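This is what each chain is made of:
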Amino acid sequence: MKSAPILQLKGLTKRFGRVAALRRLDLEIHAGEFVALFGPNGAGKSTLLKVAATLLGPDEGKSVFQGGAPMRSAIGYVSHQSLLYGNLSGLENLLFYARLYGLPDPPAQARSMLDRMGLKQAGGQLVRGYSRGMKQRLTLARALLHDPVLLLLDEPYTGLDQHGGRLLTETLSLLKSQGRTVFLVTHNAREGLQLCSRVLIQNAGRIVFDAPREEVSDDDFESIYFQKIEETRPRRKSRGKRAARAGG
Amino acid sequence: MWSATDKIRLRQAERYLTAAKVLAWPAFLLILAALYMAFIYAPRERQMGEVQRIFYFHIGAAWNALGVCFLAVFIAGILYLWKKRRIWDHVGASFVEIGLAYTTINLTTGMFWARPVWNTWWPWGDPRVTLMLVLWLIYVAYMIFRSTMPDGEKKYKYCAVFGIIGFLDVPLVYVSIHIWRTIHPKVITSEGMALETPMIMALFTSMAAFTALTALLFCLRMAMRLQRTVVLERLYEETV
Amino acid sequence: MSILKSLWILAAKDLRIEYRSREAFQTTLFFAVLILIIFQFAFDPGSKATLEASPGILWVALLFPGMIRLNQSFQMEIEEDSLHGIVLSPVDRGAFFLGKFLANWVFLALVGLASTVAFVVFYNFAPSARLWWLLVVELMGLAGFSAVGTVLAAMVAKSSSREVLLPILIFPIVIPVIVAAVNASQEILLRDDLNTLGTWMQVLGVFDVVYLAAGFVVFEYVVGD
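Protein chains in written order, with the working numbering: chain A, -9 to 238; chain G, 147 to 386; chain B, 107 to 331.
Worth flagging that the hints you see were computed from the coordinates, not collected in a lab. Be a bit skeptical, because a hint or two may be false.
[To be verified] Subject to a maximum C-alpha distance of 30 Å in a straight line, what follows is the list of computed BS3-like cross-link-like pairs (lysine-lysine): (1) Lys300/G x Lys153/G; (2) Lys230/G x Lys264/B; (3) Lys218/A x Lys52/A; (4) Lys153/G x Lys52/A; (5) Lys301/G x Lys0/A; (6) Lys264/B x Lys300/G; (7) Lys153/G x Lys230/G; (8) Lys52/A x Lys264/B; (9) Lys52/A x Lys229/G; (10) Lys264/B x Lys301/G; (11) Lys166/A x Lys52/A; (12) Lys218/A x Lys0/A; (13) Lys52/A x Lys301/G; (14) Lys264/B x Lys229/G; (15) Lys0/A x Lys153/G; (16) Lys0/A x Lys230/G; (17) Lys218/A x Lys166/A; (18) Lys300/G x Lys0/A; (19) Lys110/A x Lys111/B; (20) Lys300/G x Lys52/A; (21) Lys111/B x Lys264/B; (22) Lys0/A x Lys166/A; (23) Lys52/A x Lys230/G; (24) Lys229/G x Lys0/A; (25) Lys153/G x Lys167/G; (26) Lys301/G x Lys229/G; (27) Lys230/G x Lys300/G.
Since we're looking at a predicted model, the values are computed, not measured.
Isolated chain A, as found in the complex (with noise of 0.2 Å):
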């Protein structure tokens, strides 16, 4: 049933000085799968995250992006920040962006994009004057707008409230519907579990679960993941404040 994998990491390492935030990790990720990435603060998952967005090099290992080097353009990223200019209203935000990725007709695929996360009307405002959650909307069109083939996400739901949360689930779960390959990290357990056709718990550097999204009920959910983390939780923890530095 798997086709040939989107995504494929290998032996992946990646120090930061002395502090290690991924240790010879490996993962794949196939064409369609909404994937998502469960684990603790500084177990390494926005590091995983940016060395799959071509942002971070690894220090060993590799990332093959469909059987190649990674494309850029092929990949949508949204991070704990919105990469977004303040002093730019969302339609420019978006036209910049599109000019930026070489898309034809770059005002017509802003505007639509303006559209399809109901933006319409908040499109010439300054982006600075954004509430979180129009902000947030923004940023996932921003990432979705040269059409990726592989979407990552990183802790969307962050500072989001309950109407904002429910209408990015909303988008998200469209985009699944669409069959878009997405891996999504989080700690919010209720929120990844509800699209996920697949899940991941990754402590210290490593995954350490990984399972289809049905042998994983609701309630067993959480005592798997703490079973786990106590599991492999690094053992000689004597100034562990700088193992938590690694960066989450």
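Go by the hints and put chains G and B onto chain A.
Okay, now just chains G and B, sitting in the frame of chain A:
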């Protein structure tokens, strides 16, 4: 108990230490020879007197700073960006430190020479002095910048870039100061010192001695840096 | 996509943001004018000595505020991490450098133009055709300064001590620009003939070319990863 990379690093460090031991005696003898040549063998300069003997060390230091150390920083920078091998950062950083020491020697000896000979501490119009001063500023800036960055690829890359940008400035600084000096009324001329053969011999001995010292210091710094990397990484391993 | 096209998209975005707020332009210009006036107080106002030193003062007034601007030019990219947005796009890193450079250069040139007007007023220079030469020298000097500054500002952008790091890194490198530009300005403003102007402009031109080329090549390593 050591990892494979640790072992490679420690072996490299060991090799640098061996090289340092091999170099130590010739460097020591060359320095003795240079001291003898400069202070006893070379004749007293007629116009400038004894102070002219500074010249041998002054030029030896200048040659090593610019022609060896900072050039090496430039090349190591390019190699780091190209190969992404940590060793090239060690090379660059070691040569910046050594080059900076020589530049400081060059500038201070220059001061003590300029005072009696040109009647000024700082001959601003001289392109060579000014070039050395600018080099000193550039590589002190490098050291400050280096010290503000946490260890990691970014630091090595940025330092490599700055080492490249800094060295590209050398001809530009020299030419601009040279033009500047030639259009301004000349207060100072550094020309016209005819070197006799013994003086040239003394100069070359001094340059050779300094070059041997550079090689020795480089080996010691490299060994130190490699070992320190291993120790720091071991420290980290113990925390996780 | 061609490099020219993407550099224009990037520069236009920067300039649009600057135009939106205009605050950065006003403060930079105000700082420049302030320097011009402070130096009058520091020396004997209107004296011969001040006049002789005025080309140097002009360049201090162009470069010190300019340095603050260079720092700001990457703060706008750090604020919401749009730097990564650009790095993630398929745009060429060299084009990114040139776009940033162009925006900085245009910004500094506009501040320079306005400061020169203030300079002519406060230092009592007769408006003459020679001032056009001064503007050309300013454009050339600021180009080199922006080229070096764009690379260095990108390197210190995420450092907490960037305000002090950038001047420490940039000023030793741009000493040839200062020497050439001040001497050229001196000749334009205070001498009868323009004997060495061409030579100084050559120095500036070579500096500009060297550091534009260097920036174009190394920027990949500065913003990548």
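Quick rundown of the hints versus the structure:
1. Taking the CA atoms of Lys300/G and Lys153/G, the gap is about 25 Å. The hint holds against a cut of 30 Å.
2. For the proposed pair Lys230/G and Lys264/B, the alpha carbon gap of about 22 Å is at most 30 Å, so the pair holds.
3. For the proposed pair Lys218/A and Lys52/A, the alpha carbon gap of about 26 Å is at most 30 Å, so the pair holds.
4. At most 30 Å may separate the alpha-carbon atoms for a hinted pair to count; Lys153/G and Lys52/A meet this at roughly 24 Å.
5. Between Lys301/G and Lys0/A the CA atoms are separated by roughly 26 Å; this keeps the pair inside 30 Å, and the hint holds.
6. Restraint check for Lys264/B and Lys300/G: the C-alpha separation of about 11 Å stays at or below 30 Å, so the hint holds.
7. For the suggested pair Lys153/G and Lys230/G, the alpha carbons sit about 20 Å apart, so the restraint of at most 30 Å is met.
8. At most 30 Å may separate the alpha-carbon atoms for a hinted pair to count; Lys52/A and Lys264/B meet this at roughly 27 Å.
9. For a cut-off of 30 Å, the pair hint linking Lys52/A to Lys229/G stands: about 16 Å separates their Cα positions.
10. Under the criterion of a C-alpha separation no larger than 30 Å, the hint pairing Lys264/B with Lys301/G is consistent with the structure, at around 12 Å.
11. For a cut-off of 30 Å, the pair hint linking Lys166/A to Lys52/A stands: about 27 Å separates their Cα positions.
12. For the given pair, Lys218/A sits about 22 Å from Lys0/A by alpha-carbon distance, which is consistent with the 30 Å threshold.
13. Taking the CA atoms of Lys52/A and Lys301/G, the gap is near 22 Å; set against the 30 Å cutoff, the hint holds.
14. Annotation: proposed proximity of Lys264/B to Lys229/G holds, straight-line Cα distance about 25 Å (limit 30 Å).
15. For the proposed pair Lys0/A and Lys153/G, the alpha carbon gap of about 24 Å is at most 30 Å, so the pair holds.
16. Taking the CA atoms of Lys0/A and Lys230/G, the gap is near 20 Å; set against the 30 Å cutoff, the hint holds.
17. A threshold of 30 Å between alpha carbons decides the hint, and for Lys218/A with Lys166/A the separation of about 28 Å falls inside it, so the pair holds.
18. Using a Cα cut-off of 30 Å, the hinted pair Lys300/G and Lys0/A holds, with the two alpha carbons roughly 23 Å apart.
19. With a C-alpha separation of about 28 Å, the suggested pairing of Lys110/A with Lys111/B holds against the 30 Å cut-off.
20. Restraint check: the Cα-Cα separation between Lys300/G and Lys52/A comes to about 19 Å, which is no more than 30 Å; the hinted pair holds.
21. Distance restraint check for Lys111/B and Lys264/B: the Cα-Cα separation of roughly 28 Å lies within the 30 Å cut-off, and the hinted pair is therefore satisfied.
22. With a C-alpha separation of about 26 Å, the suggested pairing of Lys0/A with Lys166/A holds against the 30 Å cut-off.
23. Straight-line distance between C-alpha atoms of Lys52/A and Lys230/G comes to about 15 Å, which keeps the hinted pair within the 30 Å bound.
24. Between Lys229/G and Lys0/A the CA atoms are separated by roughly 21 Å; this keeps the pair inside 30 Å, and the hint holds.
25. Distance restraint check for Lys153/G and Lys167/G: the Cα-Cα separation of roughly 21 Å lies within the 30 Å cut-off, and the hinted pair is therefore satisfied.
26. Proximity of Lys301/G to Lys229/G is assessed by CA-CA distance (about 15 Å); at most 30 Å being required, the pair is judged to hold.
27. With a C-alpha separation of about 11 Å, the suggested pair Lys230/G and Lys300/G falls inside the 30 Å cut-off, and the hint holds.
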